[in-house]
Amino acid sequence: MADHLYKEPILTLRDISMQFGGEVILRDISLDVLNVVRPGVSQGQVVGFYGRSGIGKSVLCRIIAGLLPPSTGTVLVADPQRPVCPGDVGFVQQRYPLFNHRTLLDNLLVAAGRKHSPADAKAKAEEFLTRFDLAPHRRKYPAMLSGGQRQRAAIAQQLLCSEHLIILDEPFSGLDIAMIDEVKKIILEVTTLDELNTVVIVSHDLATTTALSDTLWLLGPERDAAGQLLPGATISKKHQYNVADMGLAWQPGIQAKPAFVQLIEHLKDEIRKA
Amino acid sequence: MLKDLFVPNAKPRPSVFLTMVACQVLFLLLLWLFYPLQLFPTLGEVLASFKDLVTTQGLIQELWASLTTALGALAIATVLALLISYLTALPFFRPIAYAASKMRYLTLTGLTFFMALMLSSGHQVKLSVLVFGATVYLVTGMTSVILTTTQEEMDHARTLGMSEWRSFYEVVVLGKLDEMLEVVRQNFAIIWTMITLVETLYQSEGGIGLLLYKQNRYLHLAGVVAIQLVILGTGALQDYVFAFLRRMFFPYSELTVAK
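These protein sequence lines are chains A and B, in that order. The numbering used here puts the first residue of the first sequence at 9, with every later residue one more than the last. The numbering used here puts the first residue of the second sequence at 2, with every later residue one more than the last.
None of these hints come from the bench; they were simulated from the model. Given the structure is predicted, the values throughout are model-derived calculations rather than measurements. Backbone N, C-alpha and C define an ideal beta-carbon position, used for all residues, glycine too. Honestly, I wouldn't trust all of these hints.
Okay, the calculated beta carbon distance ranges per label pair [stated by the list, open to error]: (1) A:Met152 - B:Val80: 27 to 35 angstroms; (2) B:Ser164 - A:Pro88: 22 to 30 angstroms; (3) B:Thr151 - A:Gly155: 47 to 55 angstroms; (4) B:Gln152 - A:Pro91: 18 to 26 angstroms; (5) A:Ala151 - B:Val8: 46 to 54 angstroms.
Where chain B lies over chain A, by a calculated footprint (3+ residues, C-beta under 8 angstroms) [to be verified]: (6) 101–114; (7) 118–125; (8) 161–171.
Examples of chain A residues lying across from chain B (beta carbon under 7 angstroms, computed) [to be verified]: (9) Ala73; (10) Leu75; (11) Pro94; (12) Gly95; (13) Tyr149; (14) Ala186.
Produce the complete structure using the sequences and hints provided.
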């Protein structure tokens, strides 16, 4: 019996293209993120998203989050699938934005209030404060929080109102090894909150991100049959990696295995080629 | 340490800093007392003139009259400027905010004439001139605060499922209220510079501006300096009150400021 199987779609990208002022940024991106079910395990999944700087990762993230309508194509979320609207997909940007004029508790309440009654929102916010180890800081303003606390708060805020999907833009950037371990713990915590929770990690830290991921996307340019570069970046079929099917997902200490090291080297080569 | 006073971004001890301020004030007073050229009235003359202004010319009452007029004008101008600035969210109103901002280059002299034609009482004309003058400066400051809103801030609100209006309210209205108060504080001074002009045009209600005008007209320089110092002190007190209000209502506003 297979150790995992795929069920309903969580996120679908169909023929996404994006142009700014006639310049093609993204071209023909089609992807499916399906609910991965593992017998006896209730856990969501992680998608690692790579690409060279300036290639269009942030543009694609904004499209997935419903913040930017693509020039062509559609993004579908939820079950049953429907076109994405702002608020469906959580998006934690690099500097972990929070409302600086609200206390931490207020920041979570304003997010929870979108889906819950005031009493339930309060309970949810309190639950998340405890779960993300932020309870002692509930009365603090964002400017009084450390970088790590701020990151956890931003993730908690987005989770409180999104539809199971959350994008983390460069969550490991500029962190020391202990902090990276902390963030990894948070990501695993997020995936264990709900079977359908899906975290898309945009990162340049290949080893850390791949070790957490079930699926990898590599955004880059493509060449035609004649070897000519096509305009715009895409995530071709060969650059959609199913890490679970490769047998490299959900294993502690995976980073030491030769197959994992090989995969990382392959990803580096592909990124360099791009 | 004294050398900290001349090191960039240094943080001298409060006692050292206060001593330095006291020395600077003392130096200015000594300069005033012993400056050889008697172009400026002496400290004694200014104090005597101040006493005379308070006891015989109703300086306190005139100051109160001007202060209430200034505060009234500021309140109306603030509401108007906030309205005009916030409406820039709608493209239809952006030219109005742009035009309002550019009107700060207009001179008030001709404007008072038109105001007088349109309004019936001197008080209304005085108030409307002050409101106009303050509004155009406030709109300039407030729209520049609004323009500091980043894509990241707006995206953050949208990712929480807020509508465009709700995002604007959360990020621009609530999020920048402390900065708007700062704009009001900075531009309150404009009203004091205009008050002399309007109080001399409509003299029936008096005011410290009119008192200043009379002292100047009869070359009572000691009186002029005394009144200017009173206005300076009032302005400093206003600044303190605004800073206090900002700390009280927006305690988060100073958390990110370099100290």
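Structure versus earlier hints - violations, ascending order: 3, 5 and 14
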